[in-house]
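Could you slot chain B onto chain A? The hints should help.
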Amino acid sequence: MITNIDRPALLELMANDAQIVDVLPDAEYAAQHIPGAVSIPLRRLDDEAPQKLSRDKPVVVY
Amino acid sequence: MGFDAVYDFTAGIADWKAAGLAVEGSEVGLTNVLAAARTDVPICRPEEVLGDVRARATAAGWDEALVVDCDNVVVGRIRGERWDHPDDLKVESVMELGPTTVRPDGSLIDLSKRMDDKGTKLVVVSDAQGHLLGVVLAEEARQIAAGVDPDVVWQDCDGCSGRAIPNAASDTVKIDD
Chain A
1 MITNIDRPAL LELMANDAQI VDVLPDAEYA AQHIPGAVSI PLRRLDDEAP QKLSRDKPVV
61 VY
Chain B
1001 MGFDAVYDFT AGIADWKAAG LAVEGSEVGL TNVLAAARTD VPICRPEEVL GDVRARATAA
1061 GWDEALVVDC DNVVVGRIRG ERWDHPDDLK VESVMELGPT TVRPDGSLID LSKRMDDKGT
1121 KLVVVSDAQG HLLGVVLAEE ARQIAAGVDP DVVWQDCDGC SGRAIPNAAS DTVKIDD
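For the record, the sequence lines run as chains A and B. Letter by letter, the first sequence follows residues 1 to 62 in the numbering used here. Letter by letter, the second sequence follows residues 1001 to 1177 in the numbering used here.
Next up, chain B with everything else stripped away, as it sits in the complex:
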């Protein structure tokens, strides 16, 4: 090219979108998974004890929690019978390992259909490196995919805002930049 400083972003726009970063263009208006991702799901570290996490999740009105490492990478999930273990056990000893995640740039309509077909109530959204971006609930995905404003959907759930980012580190779903 005859230029001194030339760089190649080899991962390309797919990696850019997978990180949840904005794009421009004629397809921007299409609803993607990130549009329905709420960020108020309880999270915890693997070394925390189950009783503390259960109390926090229950107080927040959730029946599951996600486990992230110090880099905010999703490493586990606690739900269902996983909660039945003794309070003093560490999360890492009871969590589901390596939960399935979906990318933020996928089609929300397609995801909603898959969730309905499989009876999935919640999916975890992460970037390509596994950093937690949020979670999508089936009912909310259905409404948002149908064109309902996400803020309206989230306001309907006891007035909470799914976009709220609590300031307590252990409760926070960090949005990577």
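Only chain A is shown next, with the shape it has when bound in the complex:
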């Protein structure tokens, strides 16, 4: 289940070591992204998430 959150909630999760995932295309991630975010474009999410992300920490996508 995915929970929608706003900016304050995002900041709180970031303070608690959440993993931030930019699901936009590579070029958009390269241009600008939230500090610390990793790039996993949406179409590759299912394949790459298990390799790039820890299951022990919350995940935030945008």
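What the hints contain is simulated information worked out from the structure, not anything from laboratory work. Hints may contain errors.
Chain B side only, calculated, beta carbon under 7 Å to chain A, not exhaustive [as the list claims (entries may be wrong)]: (1) V1006; (2) Y1007; (3) D1008; (4) F1009; (5) T1010; (6) G1012; (7) A1014; (8) D1015; (9) V1023; (10) E1024; (11) G1025; (12) S1026; (13) E1027; (14) C1070.
It should be emphasised that the depicted structure is a prediction, and the values quoted were computed from it without experimental measurement. Ideal Cβ positions, reconstructed from N, Cα and C, are used throughout, including at glycine.
What follows is chain B alone, placed relative to chain A:
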């Protein structure tokens, strides 16, 4: 995704930038509006009396003041003939309602051009929720957009620092976090 705790920041990076928060990436070096936003503009509450605000603004060397609510949301502006009302009137009865604001992540070059085209001397910068982030003055926007270091621009104005955040609550432009 097969993960237990998954959240979707639905507002995305546009909302993040509109709040004036830092981003990383190849476009970071481009000057945005926030780079030229100074935070020493006088502010007041709607319930204050005009005379007090005028005295404060004049002492600070400004000919206008911004009106914010208790959440630091911009609700009004006092300038020009609005100052000519009697001292004992409340700000809320004389202020311009709902002044136009610009977002902090926009292009400073574009804003500077628009201000020059329209003869606008000052614009208010707020996030998407209306929280005050600062103001941009046309002359300063022109210089900073041209590559002059903001600290140099602000030091030129009688040695003041546009980034200074006074400690008196009524004079403070709060930077939202």
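The hints, checked one at a time:
1. V1006: holds (5 Å)
2. Y1007: The hint holds - Y1007/B has a Cβ within 7 Å of chain A, the shortest such distance being about 5 Å.
3. D1008: Holds, because the Cβ-Cβ distance from D1008/B to chain A comes to roughly 5 Å (cut-off 7 Å).
4. F1009: holds (4 Å)
5. T1010: Status holds, d = 5 Å.
6. G1012: At about 5 Å, which falls below the 7 Å cut-off, the nearest Cβ of chain A leaves the hint on G1012/B intact, so it holds.
7. A1014: violated (10 Å)
8. D1015: Holds - the Cβ of D1015/B comes within 7 Å of chain A, reaching about 6 Å at its closest.
9. V1023: Constraint on V1023/B satisfied, holds at 4 Å.
10. E1024: Check passed: Cβ of E1024/B comes within 5 Å of chain A, closer than 7 Å.
11. G1025: With a minimum Cβ separation of about 4 Å from chain A (threshold 7 Å), the hint on G1025/B holds.
12. S1026: holds (6 Å)
13. E1027: Given a least distance of 5 Å, the restraint on E1027/B holds.
14. C1070: violated (17 Å)
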